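J.: Residues per chain are reported as follows:
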Amino acid sequence: MENVEQEFLSMIREYERVIYKVCYLYTTPNATLNDLYQDVVLNLWKAYPKFRRECKISTWIYRIALNTCISFIRKEKNIPEIVALNQASDRIEESDEMQTMLKQLYRMINRLGQLEKSIILLYLEEKSYEEIAEITGLTLTNVATRISRIKDKLKKMNKKE
Amino acid sequence: MELDELKKSWNTLDEHLKRKKLTDETQIAKMIATHKADAQKSIGRLSSLQRLSLSIGIVGLTLLLTIWLIPSVFHISAEWQPKINTFVVFLCVSILAGIWWDYRTYRWMMDTRIDEMPIAVVSKRMENFRRWTKYEIIATSIWAILFNVLNYWVMGYYRADWKIQTVLILVFIVFDVAVIYLFYKKVVYKNINNARKNIEELKQICTD
Chain Z
551 MENVEQEFLS MIREYERVIY KVCYLYTTPN ATLNDLYQDV VLNLWKAYPK FRRECKISTW
611 IYRIALNTCI SFIRKEKNIP EIVALNQASD RIEESDEMQT MLKQLYRMIN RLGQLEKSII
671 LLYLEEKSYE EIAEITGLTL TNVATRISRI KDKLKKMNKK E
Chain X
308 MELDELKKSW NTLDEHLKRK KLTDETQIAK MIATHKADAQ KSIGRLSSLQ RLSLSIGIVG
368 LTLLLTIWLI PSVFHISAEW QPKINTFVVF LCVSILAGIW WDYRTYRWMM DTRIDEMPIA
428 VVSKRMENFR RWTKYEIIAT SIWAILFNVL NYWVMGYYRA DWKIQTVLIL VFIVFDVAVI
488 YLFYKKVVYK NINNARKNIE ELKQICTD
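Residue numbers (my numbering), protein chains in the order written: chain Z, 551 to 711; chain X, 308 to 515.
I should point out that these hints are in silico values taken from the structure, not numbers from a laboratory. What you were told as hints is all true, and nothing was included just to trick you.
Calculated lysine-lysine pairs in the DSS-like style (CA-CA distance at most 30 Å, straight line):
(1) Z:K606 x X:K314
(2) Z:K701 x Z:K625
(3) Z:K677 x X:K325
(4) Z:K625 x Z:K596
(5) Z:K606 x X:K337
(6) X:K343 x Z:K606
(7) Z:K653 x Z:K701
(8) X:K327 x X:K337
(9) Z:K606 x X:K325
(10) X:K328 x X:K343
(11) Z:K677 x X:K314
(12) Z:K709 x X:K315
(13) Z:K653 x X:K325
(14) Z:K653 x X:K314
(15) X:K315 x Z:K703
(16) X:K315 x Z:K606
(17) Z:K600 x X:K431
(18) X:K492 x X:K441
(19) Z:K705 x X:K314
(20) Z:K653 x Z:K625
(21) Z:K596 x X:K327
(22) X:K441 x X:K431
(23) X:K325 x Z:K596
(24) X:K327 x Z:K606
If we take Cβ atoms under 10 Å as the criterion, some of the chain Z residues that face chain X in the derived model are:
(25) E566
(26) I569
(27) A597
(28) N617
(29) T618
(30) S621
(31) L655
(32) L665
(33) S668
(34) T686
(35) G687
(36) I697
(37) I700
(38) N708
As the structure is a computational prediction, the values presented were derived from the model and not from experiment. Quick reminder that beta carbons are idealized off the backbone N, C-alpha and C, glycines included.
The shape of chain Z in the complex, shown without the other chains:
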């Protein structure tokens, strides 16, 4: 195996959880976790030779992973608004308690729009507002406003249930 490939594989190993979590959030019946994961890794590989390390590796990975997942969803047809709850969580073989929690997490986040999903994911990943703005291309004020709106939205969803 070539050096570049080994370097790439070690980067993937290091950031596998990041990629996995992004894919997990965008899983739908037409876009399985494995499909998304493979697509993201492939796009990372294609872009790897051009990566000039002008930003953090994590920023670059988030950007490609989110763009790939959103593009994948965009290309898919007839995706229902609310996705079957067991779609994503089935992939993570876990206890019943964990399954329930993940299903709930998935259900809540899945009600948000594509961009909101990206923002909330980055927020949950404890990224700073600056980093969220850099990855999404929104202004800092816009990021702050959106996070506050998402919080309200989640509260409302919670009340309704």
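Got chain Z sorted already, so can you dock chain X onto it with the hints?
T.: Just chain X, lined up with the frame of chain Z:
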């Protein structure tokens, strides 16, 4: 479940993933090898497709210009010459515009770099691309109508009996409607779901 609880669940997922081996290195190595082989094939496919499109354009233009420049070979009378001139100019402009449009949209897609551009920028570029598809339909519809009007004039159908003219006009209308409908079905129907999704997505991005 509010944001704090969401965060707790997220952290649990993260902890869980830490304990798992997620990357299948053999699968990734295989994927890279396949991509390397496929990349060669797609470059070949792409260039042959571009070569074909360019060849058709060049052959079409050459034929048109030949007819136009040496009318005596094709026995084009002086009465027909102005009509043929207009028709040739119309077709040449159409072919050149088609080649330019294909190249422009191809470049736009190639320049949409998901590794360098933030999510909002990629989404806006995709939305622009879809908007152009609508313009493409409108332009093709107008082109089909213009083509028939020009054809009607060049062939001198306006000199025929009104009954024949009525039949011809009806045939042209049916032809235009069929072309527009088929084009609409092919392009719009294919993208209708995506377009709807994208409008929503763009609304999110463009607000504030």
